[in-house]
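**Q** Just so you know, the sequences run in chain order Y and X. So that you can map any letter, position 38 of the first sequence is 38 in our numbering, and since no number is skipped, the others follow by simple counting. So that you can map any letter, position 69 of the second sequence is 69 in our numbering, and since no number is skipped, the others follow by simple counting.
Below, simulated EDC-like cross-link-like pairs (lysine to aspartate or glutamate); rule was C-alpha separation at most 16 Å, straight line:
no.: 1; chain 1: Y; residue 1: Lys-98; chain 2: X; residue 2: Asp-57
no.: 2; chain 1: Y; residue 1: Lys-98; chain 2: X; residue 2: Asp-30
no.: 3; chain 1: Y; residue 1: Lys-98; chain 2: X; residue 2: Asp-56
no.: 4; chain 1: Y; residue 1: Lys-98; chain 2: X; residue 2: Glu-100
no.: 5; chain 1: Y; residue 1: Lys-45; chain 2: X; residue 2: Glu-100
Everything labelled a hint here was simulated from the structure, so no lab data went into it.
The lines below spell out each chain.
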Amino acid sequence: RKEVEQDPGPFNVPEGATVAFNCTYSNSASQSFFWYRQDCRKEPKLLMSVYSSGNEDGRFTAQLNRASQYISLLIRDSKLSDSATYLCVVNRGTGGFKTIFGAGTRLFVKA
Amino acid sequence: DAGVIQSPRHEVTEMGQEVTLRCKPISGHDYLFWYRQTMMRGLELLIYFNNNVPIDDSGMPEDRFSAKMPNASFSTLKIQPSEPRDSAVYFCASSFKVTEAFFGQGTRLTVV
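Looking at chain Y on its own, in the form it has when it is part of the complex (with noise of 0.2 Å):
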């Protein structure tokens, strides 16, 4: 099992839909938490990062539960532009510093 798990997809979308992606982690020492967004062909950018108490940037909602060791992003009124590859990142500290990503969710946004 790998130590972050994502959906793949894809999620084809109109625009203006709702769409939410999960990503579930196995390692309960893992500290902090990320979204990143990678164009195709392009290299990986942080989109948010994800704190315990969720937090939002415009239309991009992210939550953490720890307890269930599973982080989600959402994405409101989706736009054309949103089309990318959602990759889910989880830093841990023990056993040696560790960056994880996911393999990443593909969101197809249509007109």
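Using the hints provided, position chain X relative to the given structure of chain Y.
**A** Just chain X now, with coordinates in the frame of chain Y:
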């Protein structure tokens, strides 16, 4: 700051040749990471350095791969000898403490 700088952007080489990928991290960052991305395996952490010291190289696939960081502003990833299955995009990333990692644009390696 110019961000993380990688070179070359593209590399095509023949099987058996030595390949050296280069990375200049963001000034002031104390962590440097080398990743490999393929369609089949996604983004894999190969090795990371903290203050120029290799901390975890458990992701390095085999002895043909080696990485160095002689100073805070430069790192190399070397593959010798290269094989077709090494074809991938290799990313270098840097971060300050355990925070957001900034990625370079990657090196697209093709071994024929």
